[in-house]
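Listed below, chain by chain, are the residues.
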Amino acid sequence: DIQMTQSPSSLSASVGDRVTITCRASQGISNYLAWFQQKPGKAPKSLIYAASSLQSGVPSKFSGSGSGTDFTLTINSLQPEDFATYYCQQYKSYPLTFGGGTKVEIK
Amino acid sequence: QVQLVQSGAEVMQPGASVKVSCKASEYTFTNYYMHWVRQAPGQGLEWMGLINPNSGSTNYAQKFQGRVTMTTDTSTSTVYMELSSLTSEDTAVFYCTRGDCSGGSCQRFDYWGQGTPVTVSS
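If you read the protein sequences in the order shown, they are chains A and B.
Numbered per my numbering, the first sequence finishes at 149, counting up by one with no gaps.
Numbered per my numbering, the second sequence finishes at 123, counting up by one with no gaps.
Excised from the complex, chain B in its bound form (with noise of 0.2 Å):
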């Protein structure tokens, strides 16, 4: 069965960075793209950008641009994401989804993990 688990809730000063990790399990991890997700409290569901853990190379939505960093580490199968210069509008819980590249595309979502909520508060 598919697993991706998410690193625990994360209480962040603005203007610091956050690092959340997505481990995956029983697949095979290179074979798969990995995309973020947020929402903040009560909203709609916003796409981050993506990694291709086969090669490192990512694809970050404009919003996010200079502010996020997905890596992987391939030897525990997993990928994190970390986010910097938080400001009180980037409280929200983060999802790691998986894309299915099955048809070339690896643009959809198949798999979740259980989400990360990040608050950030002074």
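Chain A extracted, bound-state conformation (with noise of 0.2 Å):
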């Protein structure tokens, strides 16, 4: 299985902040990687596909980059409605697998 290991687990940022999340796969996986959003007690929402594409209807303060095993999601401009738990996942092979997350908290 392919494991995906996010960094940090938690951050504290500001409002207006730019925070960057890294995620490292065990093997390589091409672009076959993908960015969810979590809020509390609400179900997880897409964000980001194929490394550094943006599902429709997402804000471009959001962007994705990387390639192989190193992967990064930058959040511009953070707001408060942006304050959440992110995940990455790799879909390269079955089983589909996901980072541990990464919670964005209020500094």
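Calculated directly from the structure, the hints in this document are not laboratory data.
Cβ coordinates follow ideal geometry from the N, Cα and C atoms, glycine included.
There may be inaccurate statements among the hints.
One-sided excerpt, in silico: chain A residues whose CB lies under 7 Å from chain B [claimed, not checked]: (1) A85; (2) S88; (3) Y91; (4) F140; (5) G143.
Dock chain to chain to rebuild the complex, using the hints, since each chain is given by itself in its own frame.
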């Protein structure tokens, strides 16, 4: 199975900050990487697929990059509604696997 | 607007089975896979498996092999996930999520159901 490791597991940031979350795959996955946002008590929301493509309706403040084993999610100008937990996921091969999540909290 | 509407919360006895439904609307049901994801309380996301509504073929995570069954009813655009031999460790929220087949993969999640909480307790 492909292991996905996210860092940090949590971070504190202020409104207006730019934050970057890292995701590393245990083996190369090309660009078969997605990012999700989850707020407490809610279903995950799909943000990014193919490492850098925005899902329809997702604001451009979210961006993704990377290929192979190392990926990043960047959120520009953090707003109150962006405080949530973010997960990466590889969909290169079965079983599909997720990172452990990064909780973005208000400083 | 694509919608995935799941059945309501369940409380089950240990050893029982639970069957969760996911009703799809506003898209061609057989053109997209459906995946199931589990989330235990305070934990991360865990992929359980998928079903191809067009053929009925399935692919289950090894962890759930022998205990999970995914089925589909194309007449009602509904997918079902049944998990048997429940233990307290199966207490979780279960999500269905659509697998977009553009690019030939069908493994890219786009829309999610609202989640179905399942509590296993005696």
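Hints and how they fare:
no.: 1; hint: A85; in the structure: 4 Å, holds
no.: 2; hint: S88; in the structure: 5 Å, holds
no.: 3; hint: Y91; in the structure: 5 Å, holds
no.: 4; hint: F140; in the structure: 4 Å, holds
no.: 5; hint: G143; in the structure: 5 Å, holds
Hint violations for this structure: none, all hints satisfied.
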